[in-house]
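Note that this note's numbering has the sequence shown beginning at 3, numbered continuously upward.
Keep in mind the hints are simulated off the structure, nothing from the lab.
DMTMM-like, lysine to aspartate or glutamate: derived pairs with alpha carbons at most 20 Å apart:
(1) Lys152 - Asp62
(2) Lys152 - Glu166
(3) Lys152 - Asp90
(4) Lys152 - Asp14
(5) Lys152 - Asp58
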Amino acid sequence: MPATVPGCVHTDLLAAGLIPDPYLNANELEVARVGRQDWTYTLDLPAHGSEHERTDLVFDGLDTVATVTLGGTELGTTRTMHRRHRFDATGLTGELTVRFTSACTEAERVRGLVGERPNAYPEPFQYLRKTASSFGWDRGPTLPTAGIWKPARLEHWSVARLAETRAGQGRAVLRGAVLNRPVPPKS
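Turn these sequences into a full structure, and let the hints guide you.
See below:
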């Protein structure tokens with residue numbers, strides 16, 4: 003099934019006509035199974051020859067628990083949707099696979115390990131670094147989705163790279179005195 007990146011499994015399934023719109027009628031209940039399944043994204047990544055020393059595979063957002071492999075080599079795993087993930091893909095080619103574990107299944111597994119924690123809702127949202135409202139809220143449906151929800155890319159570089167830049171300001175302390183006296187008129 004084709005997938006859109008950035009996107010998520012719910013929007014891809016909806017676009018393919020495989021699920022009804024979860025925001026209409028009682029369709030939220032009909033699509034509940036989507037959040038309880040594991041999902042896999044694949045792409046054949048052709049050779050990306052480069053004159054640079056290093057190639058990084060960068061995901062600006064993976065939602066949420068995922069294992070990333072390229073050409074059969076595991077590049078790494080993720081457990082948060084709230085940060086960028088960077089993997090060394092130097093010299094690798096072939097099938098890129100991003101396998102997502104169900105957020106519901108993983109949250110329930112963690113709950114079993116650490117025990118119950120305070121929660122006003124039945125879904126175990128507090129056990130993962132994932133947007134809590136995706137597990138449902140008083141104002142929205144329960145749609146714990148998965149997917150490559152922000153852009154992904156290959157970055158090539160050599161010797162060094164600037165990982166981040168940030169502008170800041172310091173605090174200056176001015177010392178002085180103010181005299182409160184009349185200024186004599188000019189003559």
